[in-house]
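In order, the protein sequences belong to chains A and B.
Under our numbering, residues 1 to 280 are what the first sequence spells out, in order.
Under our numbering, residues 281 to 600 are what the second sequence spells out, in order.
Label-pair distances were calculated between CB atoms; the ranges are:
(1) A:135 - B:411: 47 to 53 Å
(2) A:130 - B:461: 53 to 59 Å
(3) A:67 - B:461: 42 to 48 Å
FYI, nobody ran anything at the bench for these hints, they're computed from the structure.
Glycine included, C-beta positions come from ideal geometry on N, C-alpha and C.
Here is how the chains run, residue by residue.
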Amino acid sequence: MRSGRLSFSFTMLMIGIAFLYVPMLVLIGYSFNASPLVSVWGGFSVKWYGSLLHNRQLLDAALLSLEIALLSSTGAVILGLLAATALVRFRQFRGRLLLTGMINAPLVMPEIITGITQLLLFVSMAQMFGWPHRGLTTIVISHVVFCGAYAAVTIQSRLITVDRSLEEAARDLGSTPLRAFWDVTLPMIMPALASSWLLSFTLSLDDLVISSFVSGPSASTLPMVIYSKVKLGVTPEINALATLIIVAVGACVVFAGYTMRRAERQRDQEMQAAYRQPAG
Amino acid sequence: MNAPSSAHERSAPADPPGPRHRSGLTGRLGRWLIVLPPLVFLVVFFLVPFAFAFKISFAQTAVRIPPFTDLITVGSGGVFGLSFNLGNYAYLFTDDVYAISYLYSIKTAFFSTILCLLLGYPMAYAIARSPKATQNILLLVIILPFWTSFLLRVYALEGIIRDGGLLNTALQWLGIVHHPVKIMRTTFAVYLGIVYSYLPFMILPLFATLEKLDHSLLEASADLGSPPWKSFFDITLPLSMPGVIAGSMLVFIPAIGEFVIPSLLGGPDNLMIGRVLWDEFFNNHDWPVASTVAVAVLVLLAGPIALYQHYNVREMEHYG
Numbered sequence: 001m002r003s004g005r006l007s008f009s010f011t012m013l014m015i016g017i018a019f020l021y022v023p024m025l026v027l028i029g030y031s032f033n034a035s036p037l038v039s040v041w042g043g044f045s046v047k048w049y050g051s052l053l054h055n056r057q058l059l060d061a062a063l064l065s066l067e068i069a070l071l072s073s074t075g076a077v078i079l080g081l082l083a084a085t086a087l088v089r090f091r092q093f094r095g096r097l098l099l100t101g102m103i104n105a106p107l108v109m110p111e112i113i114t115g116i117t118q119l120l121l122f123v124s125m126a127q128m129f130g131w132p133h134r135g136l137t138t139i140v141i142s143h144v145v146f147c148g149a150y151a152a153v154t155i156q157s158r159l160i161t162v163d164r165s166l167e168e169a170a171r172d173l174g175s176t177p178l179r180a181f182w183d184v185t186l187p188m189i190m191p192a193l194a195s196s197w198l199l200s201f202t203l204s205l206d207d208l209v210i211s212s213f214v215s216g217p218s219a220s221t222l223p224m225v226i227y228s229k230v231k232l233g234v235t236p237e238i239n240a241l242a243t244l245i246i247v248a249v250g251a252c253v254v255f256a257g258y259t260m261r262r263a264e265r266q267r268d269q270e271m272q273a274a275y276r277q278p279a280g
Numbered sequence: 281m282n283a284p285s286s287a288h289e290r291s292a293p294a295d296p297p298g299p300r301h302r303s304g305l306t307g308r309l310g311r312w313l314i315v316l317p318p319l320v321f322l323v324v325f326f327l328v329p330f331a332f333a334f335k336i337s338f339a340q341t342a343v344r345i346p347p348f349t350d351l352i353t354v355g356s357g358g359v360f361g362l363s364f365n366l367g368n369y370a371y372l373f374t375d376d377v378y379a380i381s382y383l384y385s386i387k388t389a390f391f392s393t394i395l396c397l398l399l400g401y402p403m404a405y406a407i408a409r410s411p412k413a414t415q416n417i418l419l420l421v422i423i424l425p426f427w428t429s430f431l432l433r434v435y436a437l438e439g440i441i442r443d444g445g446l447l448n449t450a451l452q453w454l455g456i457v458h459h460p461v462k463i464m465r466t467t468f469a470v471y472l473g474i475v476y477s478y479l480p481f482m483i484l485p486l487f488a489t490l491e492k493l494d495h496s497l498l499e500a501s502a503d504l505g506s507p508p509w510k511s512f513f514d515i516t517l518p519l520s521m522p523g524v525i526a527g528s529m530l531v532f533i534p535a536i537g538e539f540v541i542p543s544l545l546g547g548p549d550n551l552m553i554g555r556v557l558w559d560e561f562f563n564n565h566d567w568p569v570a571s572t573v574a575v576a577v578l579v580l581l582a583g584p585i586a587l588y589q590h591y592n593v594r595e596m597e598h599y600g
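Isolated chain B, as found in the complex (with noise of 0.2 Å):
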């Protein structure tokens, strides 16, 4: 009974499943064991809340706890209401701010990954390049920062570009600018405290690619009379192209829903989509409208999310 499975399981056919040895870990049971738990406890606590989030975003706001309407009612002599409530999502429409800090959570995140992959691609690339010792204390360097706080870093970075701050000094003092430029509370502080936040996470998938990279192309490829920068955008860019799409949506993605970078870097214009559901839920108390916008942005995130499980799950397999 075990010895076929066993044997489909396996990776590798030159190692026919001994008669000792049983499928898996344990058996049929173990194996269910090992699966089980982790698959149980994501579907309940991950998957299973959005599926409530779509809910609630039907019900209306109600002065109880918690604040919003039952969709399914049980009325006297066991009669069932159903209320579907689709006035959050006319509202979404109705009122300017949810467009528009919808459009702008696009082109902030779509410009912070544009920026990020401008820096961040010539440092894999550096890193890639580096001898194998160097290149483990550079990797070293780059993922550091993501192990620290990243609610410190974003102070930090505003201690540095807040109006009396040190970039600010530094730019005076050489000259480049008279008067102190008013960085802080604007577009591209938001842009700079995205590109500094997760900047790691561009260049690990982009020196992943990189470094297996087969130089002999670019060697033959100069043979042949290319120049380099030919042979950058025909032979290297087309290769690290999944590690540009993982790096993308790694830094795209958390990036549209992005809340502490835009409310302690950003000024009240600039309204991301993140801010927006913090204040519905916070400060007004709506949790359906909250709802609906997080359904909204799921929407939005949907294909970049599956792009980006696609070209993950590919990898994955590849290696496994």
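Looking at chain A on its own, in the form it has when it is part of the complex (with noise of 0.2 Å):
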């Protein structure tokens, strides 16, 4: 009988998967397609990829997103190493349930609302100390808000499993605290930087609702171009940036995953072997 259950729930997560997997492959297929009609397979051809050369406008978008994810997931790392840090290793402090929430809560926070009350801010800003003005500088600081509080929850589970018996023996050896966190223990949670540092980076880049709301009227990122291509219809052109996106960011991940997977691997058998050692 649990055979039966089984069964079905494996074939709700195939049928699963194939519904995340199918609309993805059918795009990536689509992109390939010499007929500017979606409907109609012309045969195959790259020329969308060669026209997303020549399209200044994307381009230009591109970059600035690149930008605007290269500062905000830097910012957010750090953001969400001072505040997990923060969680974890002081048990009570004045904020502490302020600081949880706040970074819980941009988690489930519709953009939509995030997005208007940070504009309301930038511009009730602005008025009052003429700071910061609507563009990159808005876009990175909301940026950071959303993705900090990813990479602050991720780096938190991470260094709550980290044996802090290491770190107080390199602090009986004379270390600094902080000699002894930056080495000891910053190694080991490094996987959680790498992987908070890499969402933090997909997600900014991918963002259009927040940027939509903080931006000035000057810039204008990739999904805001995207966005409103889109919203025409669908373009041969698009589906060959969208299969770029998709392929290098599956691509990042997937490779990420296997490189942390085996250092850490490594790093066990380390630790493992320096255990085994006589105590002497």
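Fit chain to chain and form the complex, with the hints in mind.
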């Protein structure tokens, strides 16, 4: 009987995975369609990829988005590391509950709410202090908030599992606390730092709603340009662009996951080997 | 000075602080250097903005930059004037579009969450029951779409469900339908879009609770003669409730304010509150009314967000 339930859930698993992947695979297929009409197969062609290279608007937007994503993901990891360290290492401090709330709320808050409220802040700040100008700066700040929340949660769950006795051993041997954290704990949470950086990067690169609110009239990010094109219907150029993004991100994530898992396994083996050494 | 506090903050009592160990990472100052930057940054750029939205919801539109009136005006001779305008809130009740879109958003988010749960639960269950090596691969397969672009995935779904798309072609080819069914620009398309986009958020917390489930409980229940479906409802489901609630909140809350999905997949009737807010802001340039709509959405979401926070904080404190 139990196998009956398992086979039902496995069928659902397969259907679910197909549901997640078939639309993307079809999109990739259509990006090689020579015909500009989506319902007609006009033969294999890479011409839409070629025309991407000549689309100034898309290229400019892509460069801006990459710049924003680089700055935001770096900021987000710093924010996330500090917040996670505070929450994991300090059991009690004023504002602990507030900090916990503020790294969890952005994960569920509808983007449209975050976007409009942050815009109103930026506008009021600009009125009062003459800063910030809407555009790159405001988009990066907004992205650091919501990517930082993801980073904090990821790093926190990793930091909790770190054996503190190693860091304490380093301190017994005369390391300063900062040095001990840097040399001992940081390498152990490196996979979480790397994956939260990567996640922040892709989240920032993809964000449409918050960026639309907080950016000024001059800055158009890649998702904003894609959205305005997609709103008009399916376009072959966007198919090609989407394929490039999906394949690039997918390859990066799989590669990073593989590398991190291997590094982790090696570290575990070294640790075990170290523990097996007779104490002396 | 530092020794007692450090004994207090360490969770392991078997680890008395040595004389050279100062509390935390670098003592009191270092502690605040770690706590304050994220705290201040998030208060200023995440929390304070809500106060501004609340304030501007009482303002009026004006032809100026920014396009709304000040609440506090300083007149000649230093007289303060306070203009408090409740008109935006009254306006939300007079124009039907707000009530309709508000209710429609709740309905859409609710049914999408149910659909997501119905699909996600068996999927999470199957992953949790897989061998460890397969589990990691399956989890990667589930998470991978979340890493790739959300916007592009909604666009990809559009390619499948549009009138001459693959889904209709397949249905006709299989002989299930004889004429193309209209999926695109319907409520169902919006449901499908939300399930498609948020499925990983449902599966991951469910998996986390189902994986921890003690299997011997089910065996004991079977030994005592309980049929599997009864064991499921008596044991598995109640024990996985934290995952069900966390997953459902992770889908329901963002779905309420969803803009991209109804805008790209829905028709003109599928007016969700996020779309109304967007139009109010970008098309009508009515910032005060848009702020009022945002406040109204927040009021609606306060309960679900509190529930989510409650479960989440408990989970984290449990680990910590």
